[in-house]
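> Could you put the whole structure together from the sequences, leaning on the hints where they help?
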Amino acid sequence: MSFDLLVSHYNYWIVIFLMMVGFYILISRGNLIKKIVGLNVFQTSVFMLYISMGKVSGATPPILVYPYGEGDVLYSNPLPHVLILTAIVVGIATTSVGLALAVRIKEAYGTIEEDEINAIEARTEAAE
Amino acid sequence: MSAHLPILQVVVPLLAAPFCLFLKRGRVAWGLAVLASWAALAIALALLDQVMREGVLSYAIGDWAPPIGIEYRVDVVNAWVLVIVSGIGAIVSPYAMASIEREVEAGRIPLFYAAYLLCLSGLLGITITGDMFNVFVFLEISSLSAYALIALGQARRALTSAFRYLIMGSVGATFIVIGIGLLYVMTGTLNMADLAQLLPEVWDSRTVKVAYGFLTVGFCLKLALFPLHLWLPNAYTYAPSAVTAFMASTATKVAVYMLLRFFLTIFGAPFSFDVMALDRVLLPLALVAIASMSLVAIFQVNVKRLLAYSSVAQIGYMILGLSFATVTGLTATLLHLFNHALMKGALFMAMGCVMYRIGSVHINAMAGLGRRMPWTMAAFVVGGLSLVGVPLTVGFVSKWYLILGALERGWWPVAILVLLTSLLALVYIWRVVEAAYFRDFPGDEQTREAPWTLLGPTWALVALNLYFGIDAGRTVQIARQAAETLMAGISP
Amino acid sequence: MTTLLLLALAVPVAGAVFIALLRKNPNAREAASLVTAGVLFAIVLRIYRAVSGGARPEVTLAEPLPGIRIALEAEPLGVLFALIASFLWIVTTAYSIGYMRGHHEKNQTRFYLFFAFAIASVMGVAFAGNLFTLFAFYEVLSLATFPLVTHAGTDAAKRAGRVYLGILFSTSVVFQLLGIIWVYAVAGTVDFEPGGILRGNVGAGLVPILLALFVFGIGKAAVMPFHRWLPAAMVAPTPVSALLHAVAVVKAGVFSVLKVTVYIFGFDFVAETGASVWLMWAAAATIILGSLVAFTKDNLKARLAYSTVSQLSYVVLGAMLANGLGVIGSGMHIAMHAFGKITLFFCAGAIMVAAHKSEVSQLNGLGRRMPVTFAAFLIGTLSIVGLPPTGGAWSKWFLGVGSVEAGQIGLVAVLMLSSLLSLAYLLEIPIRGFFGKEGEGAHGAHGDGGASGEARAHADGSAPGHADRGGSHDAHDPAHAHHGTHQDAHAHHGAPRWSVAAITVTAAACIALFVYPEPFYRLMTMVTGP
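Residue numbers (our numbering), protein chains in the order written: chain A, 360 to 487; chain B, 19 to 510; chain C, -18 to 511.
There may be inaccurate statements among the hints.
As the list claims (entries may be wrong) - Reference listing, derived: stretches of chain A covered by chain B, where coverage requires no fewer than 3 residues with Cβ under 8 angstroms from a Cβ of chain B:
no.: 1; region: 401 to 407
no.: 2; region: 410 to 423
no.: 3; region: 442 to 452
FYI, nobody ran anything at the bench for these hints, they're computed from the structure. Built from N, CA and C at the ideal position, the CB exists for glycine as well.
Okay, here's the thing in structure tokens:
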């Protein structure tokens, strides 16, 4: 793998880095809020992936340039941006559901630490 | 009107959902949910009929022609899945009234029906759309409402189960988005039919293979294929009974559909089987899932959890059919989608009846119920026998084609394994039967049979279990036709 | 004509409905059972007339899978089986009335209900037009008899029920179903055809495997090592053991083996490929081992059960001989053994009801008090052993000749040895009954190689005897107590009248079949062809 490849695809390396960071937080942290943060980072990396791949080098933002239809104007691809707008909304929804659940869990268990919750669940199961 | 059926399929429950929120009274919201879900079933049946007669339907949303606009594309495969999903939705919704009033606090009941209809429309949307990104959007609609539905369960463990499902489900969905994005990079289109045309040119590219990998993991998470099934048992165990019955019969089925649609239609069966060796990856996973999860199910004391593990095993059967990479195997998969929805729906609904009267689904709570709640337990027995695969039930039909598929490939050890594991199903079903019929009822003398509003829908599913076991000609025909559609490009 | 076939299935089901409706009135309920049984026999008799005249009525009920039908077809072998089962149902119903009331059984409605369902599925097995239909009714039969086997509802009954359903289901699902689908995969059909459907479709190497899948997969044929369910099923009330576990269920098993050999494989094809040689010896081993185990059993019903295991393999052996004489002997043995063994079980039940004795070693001198019962037992014994003047002589004769024809002289020796063994273990009972001294009972048992007679009597025999009696005076059924006391008067003197009548009929039939085996013989020659 050449150095050029590394540099020219720097956006992918950032995406992969963010993805791994998010995924690591998700797996390693027992705190439910931190898990949600990890999930957010993980999802954001994907947003970056989409947005960066819509970029066309040397292109203008995808806003029509006057006079319309004339001249040789290179536009960036707007579609990934639009898609990611939707994905961001989805991400917010996921986050809010996750946080709402965390609040309810705190009410029900008195903690949002996964190991403590597991201990409580194990105790109740043994009592059954 | 009929020209707009594809969009109505999704829009009817989607629009009914917010109305449920505005209706303060639970019963009114319930009435709307019943109406919307039965309307969805009627539309799905009309679509299936139309597709069987006229072939593939294409509907351009807002008149934006594909591949630029979003296309809804209905062929035999997804018309079939639409019928399964909306059918279960329609049968569970009347059942939900009594069951939910018992298990969910009154103020949340309209919210429940809103989430229920959202979940239904999400699942229908995934199934009907011909646009990859649209799949993701609907996937999240159904998943988010599913998390909320599960969290409505009585036990506080419902909350942690929902949270765990949320984390794993979101990771799965994100993997799917990554896969979709990479495919878009390679082809510049999101339309499935268009992709199917363009992808063969770039088969060799590493990006496509990476996309394939991400999608595989994402789908397998969603459909709870062993070993990515960890979210499922608790989610099914602690969700309200009606939710479990609905989810167990629809959510994983739609995930299996997604897998089939992406891997066989978009990538194409030749790419999946010849280039990616999907069958060789899935075969061992499916076999391990069937055997290990059936064994785990035997040792469960909570009957809902027992059935949940059984579901993971049954998903193994569906994936096993796919891994045969033949039309017969795929027919078995598609048949089992339908048949398993019928049997698991009936079983979970019977458990909902028990929950309604006894307040527990622990195996000890079943003691003596054979006499106290004869219709409920009879429904469980028939559903259980169907799960085992006794002749004249739908379970037998699936098993027949699965084994036929194995023998066609000459894999007789696989055939024997399938038969042996159906005995494991007999063992775990029988534990419940023995508790119900051979032990004395310890509880209150006043305990009666569940109300008919619960028994009616339950027995409707039981009756379908028997009907489609005795007269499976139609279902087999549809499934085979769907399998042939999916396997286009591979010699039968 | 096809209506008759449908009726053969519908009548017992309708009977079951009437039984359920009449649950409040035991007399009317039992009348419904008897009438149903009578009507069913009349129907089967008419089917018999038509089939022996050469007709082959058939009807398709449904087509569950494309190309795989639920179809009924009357052919000679099935008619033979249906005749026996439906006739003996009448007798058994009469017997049950005496037994169930005399024994104060609970849940009698459920008993008659599932009995009727079991008979309906037996009719389905007998008239099955293809392998799939046979398999479906075979499984339904297992399910319908499960509540009968576990009738007592005790822990012992539950355990026995597990063994029963466990073995029958495992074998049928793992081996038989695999065999069926395999047949379908190679032949493209599962219909029964004269001469079989496999010739030309399978290589010679596969035939022995497929045949073994069926012989062992049909667990109801009780070929060792899959025989354990049959002794386990003996916890059921005696009428169940008599009709179902000496006639209907076990014969459904061996009948299926015979039918598959004749109509799926074709016995010529089996003989040509030599696929059955080792299975002959598997059956022979079961014959001998079953007899030997029967020797060691002091519990009367257990002894009869192992005797059945042994005798069933005669039928399997006849099928595996794969020649005309063997098949004739096999089919006739289905009939002859049915009448003989049901007599023996009836007697065992009568002894249990009248004298509360379930062990062989307790029977000393009882014959002088119950002469009819013990005389009938003697006749049944002779028929099982195969001695004139009883019908059993014919089937043994054909099986012997068939073995010679197949060139298996060793099997003739097996048949002789087994006859001697069964003579010894069965004849002990009438001898004790007539010549034993009353009172020296249990001690005698030690000499016979049984473990401690009395202790084991309680261990083995408790399920059918004591457990049932435990709930006898619950008066679960309002009319029950009334009839109970009425029958009690008889109980201490002898068997209930209804039961004695039934015993007399079957014992007489054993002798009549020696004089006039013609109908069964003719049916079997129609199966084997000229």
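> Take the hints in turn and mark each one as holding or not.
Hint-by-hint comparison with the structure:
1. 401 to 407: With 3 residues close enough to chain B, the hint holds.
2. 410 to 423: Our answer is that it is violated, as 1 residues pass the Cβ test (under 8 angstroms) against chain B, missing three.
3. 442 to 452: holds (count 5)
Consistency note: the structure conflicts with earlier hint 2 alone.
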